[in-house]
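Residue numbers (the working numbering), protein chains in the order written: chain V, 1 to 346; chain E, 1001 to 1256.
Honestly, I wouldn't trust all of these hints.
As the list claims (entries may be wrong) - Computed from the model, here is a short list of chain E residues facing chain V with C-beta under 10 Å:
1. K1010
2. K1019
3. S1033
4. L1039
5. T1048
6. H1049
7. F1051
8. E1052
9. Y1123
10. G1178
11. K1182
12. R1187
13. G1228
14. I1231
By construction, these hints were calculated from the structure, which means they are not laboratory data. Virtual Cβ for every residue (Gly too), placed ideally from N, Cα, C.
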Amino acid sequence: MGVEYAGVLWNKQKKQYDKIMAFAILWMVILFVVLHLVFQPDFTAETLIIRTSAFVAFTLLNFILIIGPLARLQPAFLPLLYNRRHLGVTMFFFAAIHGIFSIIQFHALGNINPIVSVFLSNTKYEAISEFPFQVLGFFALIILFLMAITSHDFWLKNLSPKFWKGLHMMVYLAYTLIVLHVATGILQYENNLLYWMLLIGSFGLVAGLHLASAWKERKWRKTQVYQLEKDNFFEVATVKEIPDNCGKGIWIADQNIAIFKYNNCLSAVNNVCRHQMGPLAEGQVVEGCITCPWHGYQYQPEDGQSPPPFHEKLETYQLAVLNGKIWVNPDPMPEGTYVAPIKITD
Amino acid sequence: MGKDFYIGWKDEAPESNKKNIKRLLITLMVIISVIAMVLVVFSKSFTTHTFEFGQEKTFSGVLYVHPFPVLKLDKGQSPYKGNDYALLVGYGKFGASTYLQGAKIPKGDLSGKRVTISGTLIYGDGKVLIELTEKEKSLLEIENTVPPSAFSEKNRATMNGEIIDPKCWFGVMKPAEGKVHKSCAIRCISGGIPPVFRMGDSGSSYNYYVLLDETGNLLREEILPYVGESIKVQGSLSEINGWPVLEIDPDLIKYQ
Ligand code: HEM
Ligand code: FES
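Whole structure, please, built from the sequences with the hints as guidance.
This is how it looks when you write it as structure tokens:
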């Protein structure tokens, strides 16, 4: 197939990320086991494995899902996003232990195939509290599996970022299925108000942070009303408001545009990173290149191209400066088109 | 250069990022630890029932096959004084009856014969079961015949409780009741493990009855929709082969 990809590099920070992740997970596992030894000493090994892996997987999933909106609301948390895929794959690993052990424990060594048994032992599909909750977990696990095996940048390239992002948006479906799996499963047995509060609380946290960041984005778009127009150029910003080596995002005529100020020049490119659609305007110009705040992909400001050996290309836009005001033409130039940077003259 | 800007592929993150993330992670780990504590401490306690997994032993006694297989253990082999009647169950989610029929040694009806078997003990709440771990090979010896067991008098009764599979409930799995265990119990009973009606509310003290139909045969597929749920049953009570039994018409089972 010959698709080229250049992986995000394996560096000190990434190793540190993994180390902290491993430590946190180890802590959760040890804590859960010790708590059982102390408070629930009559456990069976299978139940301990099933419950510990479920606890770790569900906790990690909640954490993974709040990183995105958290970083949108507070850029200080961007480093959490950088290596999120390792978290995702690890979460799948624990979810798989839980699912596979559950199938072996509750469905294997019987008179029908274990997978068939997941679907056909409890057949009360019309009920709510008696619903066969295992089925919900099963489909969630399939989604997580597809995401885990396509998590590498190789697949991102091969499947196209749009398709990949679509596939990975299914994590929200998986999350919903898992919340329902817990609500119609263990919470029908451990019918304790505290547990309901924890489940609803974690769902509320994930949903609330997403709503908050979407609301922030919407509010920002609403402020994007530009009327001063001349020859299809719109006045969108002042030169002063953009700090050196920083960007400003503009939403105009359905175009998401990032304007950058660097070396006493201005350039504009499409605001959507070709890697995973990160917001470039929230990045900075580093060593002459626009650098994405999410995973650090880089683009030359004047033509929107990634420096060799990379091949990513962004649309570029024409700018003009008049009396300290920046004007932009929202008609995109084809990806990678050179547009001469505008010199800023005081 | 503008504000601190984090780039993942650089070796160092800006100090402000490090500080914020450290604070967030520590807060989260504390919250998660408290949640773990709440989850474990407030969950229902497990039973003290026991499955002697991996410790196969030989047992001798008198075998009864109908309507469900029971081995009346010779003295000193039961973990409970005063209850020598061990219900026999199969390996995995199967009953023991097919093994007994398929065993190599027996000729004719096994009921009431003295046998030696190998198996794994399951016991709890005063009841004893033996898993025939080696399947057909579990039946080791058969001796002379002894008189068949007595069937006691019958009494009508109505009671509330839950249908469980005794193999899991008396020690193999925990928890082995209610919603989480329903599918497994359905598989076990469907596979021939005798269904047991556990009388009493969850968490109280229980009485146990093997469920038979009104002709005295083990119930199986007919009661699967009720397994693991709170139900009310009515029927006639008696004792067979040392186990209390309840003969019911499955059509009269009611959800609670
Ligand atoms: C093949 C798929 C799955 C099956 C058959 C399955 C089965 C089960 C069962 C039987 C329980 C109750 C266990 C108990 O007695 O405590 C349970 C609980 C739970 N499951 Fe799943 N599950 C599956 C997939 C998943 C996935 C993908 C997740 C994602 C994290 C998940 C999360 C949980 C959680 C958080 C609980 C509650 C904690 C517990 O009771 O262990 N499950 N599941
Ligand atoms: S989205 Fe990953 S680098 Fe931009």
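Hint check results:
1. K1010: holds, 7 Å
2. K1019: holds, 8 Å
3. S1033: Because about 6 Å separates S1033 (chain E) from the closest Cβ in chain V, which is inside the 10 Å limit, the hint holds.
4. L1039: Constraint on L1039 (chain E) satisfied, holds at 7 Å.
5. T1048: holds, 5 Å
6. H1049: holds, 8 Å
7. F1051: Constraint on F1051 (chain E) satisfied, holds at 8 Å.
8. E1052: violated, 13 Å
9. Y1123: Status violated, d = 14 Å.
10. G1178: holds, 4 Å
11. K1182: Holds. Min distance 5 Å.
12. R1187: holds, 4 Å
13. G1228: Holds. Min distance 8 Å.
14. I1231: violated, 12 Å
Violated hints, in rising order: 8, 9 and 14; the structure is consistent with all others.
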